[in-house]
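From the two separate chains plus the hints, produce the assembled complex.
The lines below spell out each chain.
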Amino acid sequence: MATANQPFNAIVVGAGPAGSSAALALARAGLSVALIERGEYPGAKNVSGAALYAPELLADLLPNYWEEAPVERYLVRRVITFLSQEASLAIDFRTDRYAKPPYNGFTLLRPKFDRWLASKAEEAGALLITSTVVDDLLYEREQVVGVRCRRDDGDLYAPIVIAADGANSFLAKKAGLQHEFRADEMTLGVKEVLRLDAHTIEERFNLTGEQGMTNEYLGYATGEVNGGGFLYTNRDTLSIGIVTQISSLAEKRIKAYDLLDQFKHHPAVAPLVRDSVTLEYSAHMIPEGGWAMLPQLSRAGLMVVGDAAGFVFAAGLFLEGMNFAIASGLAAATTAQQAHAEHDFSALSLARYRKHLEESFVLQDLKKFRHAPAFVNNERLQNVYPALLCQTAENLFRSNGTPRRKLGRVMLDTMRGKVPLRTLLRDGWQAGRALFF
Amino acid sequence: MEPIEERLDLVRFKVDKQPHIRLNREVCKECDTTVCVYVCPAGLFELLGGEMHFSYEHCLECGTCYVACERKAIEWEYPRGGWGVSFRAS
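Those protein sequence lines, which keep their order, are chains S and W.
The numbering of the first sequence is my numbering, which starts it at 1057 and goes up by one.
The numbering of the second sequence is my numbering, which starts it at -15 and goes up by one.
Excised from the complex, chain W in its bound form (with noise of 0.2 Å):
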């Protein structure tokens, strides 16, 4: 399987500092499914020692993470405009 870092090399990115994804870890804490770990494209969250972690900088914007949590664990609005992912060839 190709990794997914190798494909986000290829999409440009205006990382903002300031997140546009916030988890509620309380409620993560308790979550058994995490399904955030499989259905995200760029694959940003991870469990870690119990923990869920998340990166938001090679986020693609798709909002799947916020639909498939069960949970409503994840706070997701869009980033500031002109930061984020940018298509050029798709």
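Chain S on its own, in the form it takes in the complex (with noise of 0.2 Å):
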């Protein structure tokens, strides 16, 4: 291990997609990189649904990464689906388009390849130290200039730390620069990991060969708690998982894993999980808060980047996460670079860091986005409109021998005292803020 003696050009704190990412990019440029992992491995910590969307994203530092990362399926079809108790109705897109290189996404499993996307950042030269806490942040006067790690002799230096240390950043919050979490910007989620035989999933799902889908489930996936359900498919695994509001958890007083089993055992899905075996189960906080609970994102001689920096992008018919990481990862870099070149670690110098995220989609989805966090979480979204669609399928569909109606009076009728036409209209306006206009 390095000694005071010996400082890094740059630390990163947390192994994840964005910490791995930064380390990569840093490595690469010719600078030395300490990245520092809690785990016993790069992903044993970590857990998404999982699904990597814009992998080109890193295709600049590993061309083609994808024949040999550990992905698992690359996604061609994307399906949403509105649950009542009893029914479902579901969006299914499929395109062959995004079935060729750079794709359009991956499902994956993070302790694969996050020990694999790690292996990356060691092989280009940066050195990974697994099983280390980093308790703290080193400074001299305002100046970020190293990180304390739970160990003898645990004191780094580099004029450079970026802080990639995951949903619960407590480096950010010592900083400064986040503040404490309130329960209702932060969802849970629960997920188990089920063994299938991959012929199965194929059929099942309707894919083939290395071909796979996202399912996400609105209404009552998560019974009357705020929050969705997803199923992704993996080579020879599927993914099932709940994301709950984690005030709205405590204030209808419902166990994650309980409405996990229900959505489970949900008509609409447990054929689709019929005799597979849960290999695992996990559990993860996810800052939803979007760019409500963004945080000031550095300070002289720190960058905070991927969830430590709350970068998930949850507008409803978009769940993204890794995507952000990488991204922010790589601007962090990029910046860290300039730092170096200029030898200016300064607060200013590292602000170019918010400049270059407000060029990429990072910043700009999160703003053009920003209504949207509230109005998933809308209680008639979550609660009402899922099941009236069901409702008014059901009755349309309905074939009992007596006259049909037209679809208006079908809506109209299935409507009528259930949700005011004011308030109708106000959450139309609502949505239409939140993702169309």
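Note that these hints are calculated values from the structure, not bench results.
Just to be clear, a hint being listed does not mean it is correct.
[To be verified] Below are the PhoX-like pairs computed for lysine-lysine, each with C-alpha atoms no more than 25 Å apart in a straight line:
#, chain 1, residue 1, chain 2, residue 2
1, W, K56, W, K13
2, W, K(-2), S, K1308
3, S, K1311, W, K56
[Said to hold, decoys possible] Here are a few chain S residues that sit away from chain W, every Cβ distance over 10 Å (derived from the structure):
#, residue
4, A1100
5, L1165
6, N1224
7, Y1313
8, S1416
9, E1450
10, K1474
[Claimed, not checked] Have a look at the derived ranges for each label pair, beta carbon to beta carbon:
#, chain 1, residue 1, chain 2, residue 2, range
11, W, H37, S, R1465, 52 to 60 Å
12, S, R1472, W, H37, 49 to 57 Å
13, S, R1251, W, C15, 39 to 47 Å
14, W, V(-1), S, R1482, 31 to 39 Å
15, S, A1348, W, G33, 52 to 60 Å
16, S, R1206, W, H37, 22 to 30 Å
Using N, Cα and C, we set each Cβ at its ideal position, and we do this for glycine too.
Right, here's the structure in full:
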């Protein structure tokens, strides 16, 4: 381990997608970099759905990496399903245009993928230090100059520290960049990985070869609790889980794992997971507050990336994080290179990190869809409209020998007494502002 | 419902002797919401005879409990490096 006498050019805390991308880019640029991970191996503490979108973000540094990386399936099919207690209504999109490099997205499993990505940073020259918790930052006056690891002789020095320490980011809070979280801006995801042979997955989900799909569920997926469900196909496993707003769980006094059970037994879900064997259960917190909970992103000697910065894009139709993590890690690395070239690690110099993010989708998407988190947690979007959609379909398609009504009439009759027109219009406006215009 | 213990049996834990979660029991005594019991995805909090009990050994290290606790009675830090939960399949 290096000592105070041998400072690094940069220290990255956390070997998830954000941290490893930053370390990889820095090492490729010829800078000495330490990549510190608290888990036994990178990915040991990490949980995602997991779907990696915009895989081309890493392709500049790792051309055609999908041929080698432990990704599960490339995504050609995307389903969004509205659930009521008994019924479901889905939008099912599929295209072969997503079926060729650089692809639109992959499913993956974090313990495998994160380990692989960190190994790429190592190959490029980064020093990976596992089983090591960073407890605090080291300062000289206002300047961050290193990190304090929880071990003997655990002080490591560098003029640049990149906090990629995940959703809980104690470093961002200790540095005064992030506030204490509120229970309404954080969600809890619980997940199971289910073993199912590849052939059955392909048959059951209408896929061939390496093709994969994501299915996201709105409405009754989480009962009365604000949230949603997901079911993703991996090579020979399924990832199934629910994501719930923590304040809503607390208010309704319901346990997330009971909701997951209920979701797995829903009549529209149970046949998809039939005969599978649960391999692992996991849980993770997700910073879904979006633009409203954005921290200050840097100060002298320090930048915050990935989940640590709240870079999760949870906008109803989209639920993305790893692509934001990678893009922010790369932007921090670019900023660090500029700072080293100019020997300027001041707050002003590192403020260029935010500029880079403003030029990329990271801050543009978070800002553009800043009204989406509130819309997603709208009580009626969560608990009323999905059921109404299912009920409309049920009434429309019911065949019982009585005269049919036209669609408009069926819709009006289904809605009557459930949602006042004024409320419907107001929600429509909120939906529009969140997603359409 | 599948018991949470069966799910946790599938997860690998390397349990440190030193707990990484501490409760301020004085504050817990006065708590009437006990949201930790509901939000913990490992079901580690349990109200027994009016007193809050918890175990840290099967903690999934998500942080939900300290975020949800309105009274800030939960002192929470990461376990020592290399200890705690290690996800293998997720």
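Run the structure past the numbered hints and jot down the numbers of the failing ones, going up. Hints 2, 4, 5, 6, 7, 14, 15 are the ones this structure does not satisfy, whereas the remaining hints hold.
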